[in-house]
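Quick mapping for you: the protein sequence lines, in order, are chains A and B.
According to UniProt numbering, the stretch in the first sequence is residues 1 to 261, in order.
According to UniProt numbering, the stretch in the second sequence is residues 1 to 294, in order.
Simulated from the structure, these hints should not be mistaken for laboratory data.
Just so you know, not all the hints are guaranteed correct.
[To be verified] DMTMM-like, lysine to aspartate or glutamate: derived pairs with alpha carbons at most 25 Å apart: (1) B/Lys102 with A/Glu236; (2) A/Lys74 with B/Glu140; (3) A/Lys171 with B/Glu72; (4) A/Lys74 with B/Glu89; (5) A/Lys74 with B/Glu85; (6) A/Lys72 with B/Glu85; (7) A/Lys232 with B/Glu73; (8) B/Lys138 with B/Asp160; (9) A/Lys171 with B/Glu85; (10) B/Lys102 with A/Asp142; (11) A/Lys143 with B/Glu72; (12) A/Lys72 with B/Asp117; (13) A/Lys28 with B/Asp117; (14) A/Lys171 with A/Asp211; (15) A/Lys232 with B/Glu72; (16) A/Lys74 with B/Glu174; (17) B/Lys102 with A/Asp140; (18) B/Lys102 with A/Asp244; (19) B/Lys102 with A/Asp17.
Spelled out from the first residue to the last, the chains are:
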Amino acid sequence: VYQVFENVAKKYDVMNDSMTLGIHRVWKDILMHKMNPCPGTLLLDVAGGTGDIAFRFINYVRSVRQRQLQRKLKQHQNLSWQEIFESYQKDKFNSLGDSQVVVCDINREMLKVGKQKAQHLGYSEGLSWVLGNAEELPFDDDKFDVYTIAFGIRNVTRIDLALQEAYRVLKPGGRFLCLEFSHVSNPLLSRLYDLYSFQVIPVLGEVIAGDWKSYQYLVESIRQFPPQEELKAMIEDAGFFKVDYENLNFGIVAIHSGFKL
Amino acid sequence: VRCQQCPPLRALQASAALGRASDEHKKEPLASSSQQHFDSPPAGHQPEQEPQGPHPSYTGQGGQESEDYESEEQLQHRILTAALEFVPEHGWTAEAIAEGAKTLGLSVAAAGLFHSDGSELVLHFVSECNTKLSKLLKKEQKLVQLGEAEKKPIDEFLRDAVEARLRMLIPYIEKWPQALSVLLLPRNIPSSLNLLTSMIDDIWHYAGDQSTDFNWYTRRAVLTGIYNTTELVMMQDSSPGFEDTWRFLENRVADAMAMSSTASQVQSTGEAVVQGLMGAAVTVSNAETSRAVR
Chain A
1 VYQVFENVAK
11 KYDVMNDSMT
21 LGIHRVWKDI
31 LMHKMNPCPG
41 TLLLDVAGGT
51 GDIAFRFINY
61 VRSVRQRQLQ
71 RKLKQHQNLS
81 WQEIFESYQK
91 DKFNSLGDSQ
101 VVVCDINREM
111 LKVGKQKAQH
121 LGYSEGLSWV
131 LGNAEELPFD
141 DDKFDVYTIA
151 FGIRNVTRID
161 LALQEAYRVL
171 KPGGRFLCLE
181 FSHVSNPLLS
191 RLYDLYSFQV
201 IPVLGEVIAG
211 DWKSYQYLVE
221 SIRQFPPQEE
231 LKAMIEDAGF
241 FKVDYENLNF
251 GIVAIHSGFK
261 L
Chain B
1 VRCQQCPPLR
11 ALQASAALGR
21 ASDEHKKEPL
31 ASSSQQHFDS
41 PPAGHQPEQE
51 PQGPHPSYTG
61 QGGQESEDYE
71 SEEQLQHRIL
81 TAALEFVPEH
91 GWTAEAIAEG
101 AKTLGLSVAA
111 AGLFHSDGSE
121 LVLHFVSECN
131 TKLSKLLKKE
141 QKLVQLGEAE
151 KKPIDEFLRD
161 AVEARLRMLI
171 PYIEKWPQAL
181 SVLLLPRNIP
191 SSLNLLTSMI
201 DDIWHYAGDQ
211 STDFNWYTRR
221 AVLTGIYNTT
231 ELVMMQDSSP
241 GFEDTWRFLE
251 NRVADAMAMS
261 STASQVQSTG
271 EAVVQGLMGA
281 AVTVSNAETS
291 RAVR
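Start from the sequences, fold in the hints, and give me the full structure.
Okay, here's the thing in structure tokens:
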């Protein structure tokens, strides 16, 4: 697995776009909307190497914070100019509202690409990059508000261990969110999807990234991954409550959600 | 091996979380405290049976073991109740729910248990108000039965019941137009209508079947019309102690009593209800825009 991603790291984003025809951005946006984080949320993004989820989180929280500040200012209509100026100053340095995201990945290359992207796009505050294994996270218990793993859990050898670790590092009331390729139940769509996966994707892999084998591995790992209900049962076994999943695009991708209650 | 222990372990953890969240100073061993919490939710969860039956639940739970079901729903109720405190500041939103969860010692992500538009919060509040009203009316009824209080004439009874119910809105009156618009969302209309009708039924139940002039539907419609229109008046009322609203209420109830003797009662009450509901939609949107402008 490590070598696959070493090869793939630099071209990761480009391949994502071409394979999924850019829809992966929509999927990640939907995940963020489902999370609906409010300022002050501490997010752990596992296997989030190149930072897609982390950047979206920061954008979302920033805009929510903006709205909060606007609303507060509206209520401050009776204050003197001095007081308004002071409160604005105080809040100006808190544009994220104390929210933070920790990006954890097993692969150093992916993290490197992620850091470069962050610098390039201008994300400076609220981000941390940590090298770690999803099956054995280098964090204390009860630390995070939300744990996400987007397109990463199928690469984990022991999914149950990863789920247990997720449960451990989440605060009580914390949320587990998993975005992953899943099983298409519609038979017609399933055939088209299979055709696309096995014929088109490895070819794209060869052409764009110069790596047929990695992308063949990718497609096969998607097929081998447990379907929605099975993953839901596994998440429940790890101790999560109110476990639910939402199919996107008829099951090509599914978002699983659970709470530590 | 782990799976075998799963159900009891999960249930225990849930109640452990409840125990942790609600009482951090308990020094008793975890097992006994969770046992205690386990016994109280089932007992406390059976409210006094109303004539109409138990309250509907808004948490959409189903198909789980009964013990976990009780714990999760109980927890959601507690989060929503805690969230009400933050409604004057944040409105009927997921933010208020997140703040409520924080006071219980839970992560703000627990707000994800509910819809992001705050629907459950509003429905929970309305349901709680209805329960409070029921209890109040039942208490009054007991007093009358024990001979410690006079039985009120029907118009006074209706007036007092509606006033008591509307007074519960006073702490949240600033954000109430927002709550009404949430209740009118197509998704919430079945639940909100259900709550409204069961509350009206409740009031009539305790009012007693005194008049033979009304039939059951007319009584319901009349009181619904009175309640809705008074609620709308209350939202735009700036008089001290809402005295304009109570006067309006008095007049409407008097009208209703007078109406009972006319033959055209059915038609006019039907119109009154329709007008009430239409007026609700228009007034709420007006109120929202006027407040937004302000």
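The hints, checked one at a time:
no.: 1; hint: B/Lys102 with A/Glu236; in the structure: holds, 24 Å
no.: 2; hint: A/Lys74 with B/Glu140; in the structure: violated, 44 Å
no.: 3; hint: A/Lys171 with B/Glu72; in the structure: holds, 17 Å
no.: 4; hint: A/Lys74 with B/Glu89; in the structure: holds, 12 Å
no.: 5; hint: A/Lys74 with B/Glu85; in the structure: holds, 21 Å
no.: 6; hint: A/Lys72 with B/Glu85; in the structure: holds, 18 Å
no.: 7; hint: A/Lys232 with B/Glu73; in the structure: holds, 20 Å
no.: 8; hint: B/Lys138 with B/Asp160; in the structure: holds, 14 Å
no.: 9; hint: A/Lys171 with B/Glu85; in the structure: holds, 23 Å
no.: 10; hint: B/Lys102 with A/Asp142; in the structure: holds, 14 Å
no.: 11; hint: A/Lys143 with B/Glu72; in the structure: holds, 22 Å
no.: 12; hint: A/Lys72 with B/Asp117; in the structure: holds, 20 Å
no.: 13; hint: A/Lys28 with B/Asp117; in the structure: holds, 21 Å
no.: 14; hint: A/Lys171 with A/Asp211; in the structure: violated, 40 Å
no.: 15; hint: A/Lys232 with B/Glu72; in the structure: holds, 18 Å
no.: 16; hint: A/Lys74 with B/Glu174; in the structure: holds, 15 Å
no.: 17; hint: B/Lys102 with A/Asp140; in the structure: holds, 20 Å
no.: 18; hint: B/Lys102 with A/Asp244; in the structure: holds, 23 Å
no.: 19; hint: B/Lys102 with A/Asp17; in the structure: violated, 39 Å
Comparing the model with each earlier hint shows violations of hints 2, 14 and 19; every other hint is respected.
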